[in-house]
Amino acid sequence: MRKVISLFLLWIFSTLCFMAQQSGMQHIIEQVREKYVPDSRKEVLEVEASQHAGTLVLSGETTSWTAYREILSEAENASVSVKNDIRLLPDGAIGEKGWGVIYNSVEKVHSGSSYGSETVSELLLGMPVRLLDKKGGWRRVQAPDGYVGWVSDAVRTMTESELHEYNNKEKVVVTALYAFSYEKADVKSQTVSDLVIGDMLVLKGEKGRFYRVGYPDGREAYIRQSDAKELKKWLQEMELTPKSIVRVARKFMGIPYVWGGTSFKGLDCSGLTKLVYFLHGVILQRDASQQVLTGRPVDDNGNFSNLEPGDLLFFGTTATAENPREKVVHVAIYIGNRRFIHASDYVQIGSLDPADPLYDEYNAGRYLRARRIIGEVNTAGIEGISDNAFYEP
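So in the working numbering, spot 138 of the sequence shown is number 119, and the numbers just go up one at a time.
Among the hints, erroneous ones may be present.
Claimed, not checked - Below, computed lysine-lysine pairings styled on DSS-like, alpha-carbon distance capped at 25 Å:
| # | residue 1 | residue 2 |
| --- | --- | --- |
| 1 | Lys210 | Lys150 |
| 2 | Lys150 | Lys213 |
| 3 | Lys210 | Lys224 |
What the hints assert, rightly or not - Per label pair, the in silico range of CB-to-CB distance:
| # | residue 1 | residue 2 | range |
| --- | --- | --- | --- |
| 4 | Asp66 | Asp134 | 24 to 32 Å |
| 5 | Lys78 | Asp20 | 22 to 30 Å |
| 6 | Thr36 | Lys185 | 52 to 60 Å |
Since the hints were made in silico from the structure, they are not lab data. Where is the CB? At the ideal position from N, CA and C, for every residue including glycine.
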């Protein structure tokens, strides 16, 4: 009986030791996450510690080499056998073709590898992406702004050299809010796909008043020249001015609010700001809480006299003793005279002026600060399309 009790106590002691080691390792993983992957929207660190048959098992995946190396280093210092099952992404699941280009007019980006997962963003036709992982018919991708998510298999995969070759081809950009491509240079012919403003296709030629275009997946079609513009000319003639920002933003008046939307088919608040600036050749960060960290600060105390049209206004909750972190949850574009345009229920105009019939008391009460994007391109978090590595020829 004593032997049985001793063995039982030894088992309890061993189990408690392993549980403590597992808990300690999980704590280390969280510390590494805070240090190297503070924003899970732009990097992946999904690692867990467990124990099996006296072995500490590390499983999951990460895109951060420094985080990967530090977790293993800490694990090796533990006085226990360690099994490393962490995948450093991208890995062999992707193969040689680690890049791709979106071939649908709008492709939804999900938080997980299923249609039931949350929609967190969208990508436009012709956007290059970095492939990180593959699971069934889903691919985990990183967008040109760094945002990471899952898309269904609507990506033409390419090697790095193939992507450079694709980027080097002449393109057209869709300038109509909504359009179609056709099998022939005739609007009465069979449609090939729908198109939205900001989509990009390869320019293959012209026929009458149509462009002959190529899709990333090999399809060919015709689009009306009145619905598109040659990309080089579009970029050269671009005017990143307060007046132009306001003019383009007004084009989306009345478009429904759609969570995760960044296209003409539906917009969330930061999707509107992102799309308006993209249509000026500028890549912003995806979410309001990311955009607020970019650009030049122009106001943080409600002194609206410092604002210029085109500035981004941010809203949320201020830091308090109970909640020491400020929380940015909404963004709008300033259009002058204390008015702003934003996506809320639908794209509409509000005002910060109590005397204005468009006064938005709710958002005026949670205004935090403003940032200027114009004049700050190619500073942290703001890139010109031509300067982004994903679009590099």
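For each hint, the structure was consulted:
1. Lys210 to Lys150: holds, 15 Å
2. Lys150 to Lys213: holds, 11 Å
3. Lys210 to Lys224: The given pair, whose Cα atoms are some 21 Å apart, holds under the 25 Å limit.
4. Asp66 to Asp134: 24 to 32 Å: holds, 26 Å
5. Lys78 to Asp20: 22 to 30 Å: holds, 27 Å
6. Thr36 to Lys185: 52 to 60 Å: holds, 58 Å
Every hint from the earlier list agrees with this structure, and none is contradicted.
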